[in-house]
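Engineer: Listed here are the chains, written in short residue letters.
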Amino acid sequence: MSGWRARLLTWPEAAAGRLPVRGSRALAGFFIVVGIVLPFFFGQTSGFLNATIIAIAYAVMSLGLNVVVGFAGLLDLGYVAFYALGAYSVGWFASGFFFKLNIHVLVSPVASTLPGIHLNFILVLIGAALICAAAGVVIGLPTLRLRGDYIAIVTLAFGEIIGTLAVNGQSIHVGGGMTLTAGNLGISAVDQPYFPGLRFNLLNLRPWYWLIFAILLFVLFVNLRLRDSRLGRAWVALREDEVAAVSMGIPAVKTKLLAYSIGAAFGGMSGAFFGTYFTVVNAAQFQFGFSIFILAMVIIGGLGSIWGAVVGGLALGYINNYLIPDVLNNLPSRFGLHFQLTQVEFGIFGFLLVIMMLLRPQGLIPERRRQLELTAEIAAEDAQLAEAPGGAGSTT
Amino acid sequence: MSAAETSAPPAAAVLRAEHVTKEFGGLVAVADVSFDVPQYSIVSLIGPNGAGKTTLFNMLTGLYRPTQGRIFLGDRNITRSRPDVITGHGVARTFQNIRLFGAMTAVENVMIGHHARMRAGVFGSVIRPPRVRREERETRERARELLAYVGLPGTVFDRLSSQLSYGDQRRVELARALAAEPSVLLLDEPTAGMNPRESAALTEFMRKLRDELKLTILLIEHDMKVVMGVSERVTVLDHGRKIAEGQPGEVRTDPRVIEAYLGKQD
Chain A
1 MSGWRARLLT WPEAAAGRLP VRGSRALAGF FIVVGIVLPF FFGQTSGFLN
51 ATIIAIAYAV MSLGLNVVVG FAGLLDLGYV AFYALGAYSV GWFASGFFFK
101 LNIHVLVSPV ASTLPGIHLN FILVLIGAAL ICAAAGVVIG LPTLRLRGDY
151 IAIVTLAFGE IIGTLAVNGQ SIHVGGGMTL TAGNLGISAV DQPYFPGLRF
201 NLLNLRPWYW LIFAILLFVL FVNLRLRDSR LGRAWVALRE DEVAAVSMGI
251 PAVKTKLLAY SIGAAFGGMS GAFFGTYFTV VNAAQFQFGF SIFILAMVII
301 GGLGSIWGAV VGGLALGYIN NYLIPDVLNN LPSRFGLHFQ LTQVEFGIFG
351 FLLVIMMLLR PQGLIPERRR QLELTAEIAA EDAQLAEAPG GAGSTT
Chain B
1 MSAAETSAPP AAAVLRAEHV TKEFGGLVAV ADVSFDVPQY SIVSLIGPNG
51 AGKTTLFNML TGLYRPTQGR IFLGDRNITR SRPDVITGHG VARTFQNIRL
101 FGAMTAVENV MIGHHARMRA GVFGSVIRPP RVRREERETR ERARELLAYV
151 GLPGTVFDRL SSQLSYGDQR RVELARALAA EPSVLLLDEP TAGMNPRESA
201 ALTEFMRKLR DELKLTILLI EHDMKVVMGV SERVTVLDHG RKIAEGQPGE
251 VRTDPRVIEA YLGKQD
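So the sequences go chain by chain: A and B. Just so it is clear: in the first sequence, position 353 is 353 by this note's numbering, and no numbers are missing. Just so it is clear: in the second sequence, position 83 is 83 by this note's numbering, and no numbers are missing.
Take these hints with a grain of salt, some might be off.
[What the hints assert, rightly or not] Footprint (simulated), chain A over chain B, 3 or more residues, beta carbon under 8 Å:
1) 74 to 85
2) 96 to 104
3) 110 to 117
These aren't lab readings, by the way, just hints derived from the structure by calculation. Since the structure is predicted, the reported quantities are computational estimates derived from the model, not experimental observations. Backbone N, C-alpha and C define an ideal beta-carbon position, used for all residues, glycine too.
Generate coordinates for the entire structure from the input sequences, incorporating the hints supplied.
Structural biologist: This is how it looks when you write it as structure tokens:
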């Protein structure tokens, strides 16, 4: 029993985390190059490339939520709120939605002739991050004074509030006949990103891929730097023992707020990308289930583990957008069953989560700390088990 | 400012509690306790279990807010300050049941102690300008020095604190408190679980700390040998009330103290 558990616990560590600095730099460079040339191996509109783009955007969200749940230990069940705010940032600031206004900053020649607010996507991206970070502070201030499960309940409520606000925003008038959101109709004809030299349209997915890959690299970089910093240590300390942490001079609310709003900013960036990629911002996208979906990525990847969050996000992204709909969808019919896999995808995710919790509760790529703790515990358990039969034998 | 406010505490008392009371619901854990901790002194807080010693500690460090009364650190009123702010002002502590961050190494634990003295913010942490790199490196070096100072074997510096022996965990906790660069150090039963020889060594070490680091030390202690050996003043609590105060010799012979510990003689 203990042998296979120990083996399951240790397999990825041989590959990850133990490399010398120069080796890991070279490895990082290799992966970046592979990442950049990857789309040339697929057709410009291939379903796999589309799934990859979505999976990477999921990974960015997963990285954001990992800061909150994994690093700081704050169970956030309303992360979809920041996806929504990020997406609406694009809807508001890069479309004709506010049709009475005429603001154009660094956009394509076509967009600059249209009414509405049209900002360059980079500006929208920064704006989305700032809006979400600010919203994180506003939501976090009352919430993060609570502890444990209460944070989960209140964040869940805030997620629902934002979702409901998105649906009912079409009745909230902001003047001049303009409304806050377009509800379930959606804000459509969102601008495509405009960078001279790259053509963003749905006939060529490669620029989209490079854009989200760049966002992923940026978010990864920030995550790695924060993890190994004064702030990253403080998050772990608060997660481990809040009383001891505050007694050592860590301001609890401020430090948690930083985790919450940084996580929110990443969610907003990913949301902004989704807004422009789907070219529509629809209130129906922002369901509670999506919060859980992102949380599942973090948990399957390994709570608190940066590479785990990336792998978890990519894995669920591919399963959700490629494996189930494109590859395995007709599997049941081959066995004479009359349903498609897409109809039971939540069941599949639930099954995966249960399997993960049974076989590898620490996630695919566990955080180094949790890894060390778990293996130490199991080693102690094994030592006890090894002693027990011997002790029993000697008494007979 | 009331009339009581103008009677500022004498400069010699670095930590001072004035008529401090703490009630939990109907239970009075600490009742109207006043006492001074003079600068560069070692003061012991003793009393039977449940006397309110740790509750008093938690008020001094800001974990609890007193129901009544005031607490001064030097001239500064810290009665309503947050724990992290009080630590920033120079009060550090250890805990009765060791509270290390189990998933962090010994060095990282001690680095946490230095948190309030570091400057790096979000952007500094991400961009890592030379200033932040230097601060990080110096904090790490300082943590290793402190661990060596409290006598932790160098081989376990980078081991998870949860995997250390009980005695080593106590050492790490002490180093973590020292990393906060305190002027007042609060030790909650530092010799718990130690054998007489280790206790004697720690007694020696507390004096060394006070002299070398210019510390003022307040400790909760059950081991009378340690209390009598190390402290210049002793405050005795029983059922939340201060029943005696003075030099170790005086307190030991005080009939009320004997009664509190041994019960009333008929």
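Engineer: Against this structure, judge whether each hint is valid.
Structural biologist: Right, here's what the structure says about each hint:
1. 74 to 85: holds (count 4)
2. 96 to 104: With 6 residues close enough to chain A, the hint holds.
3. 110 to 117: holds (count 6)
Checked against the numbered hints above, the structure breaks none of them.
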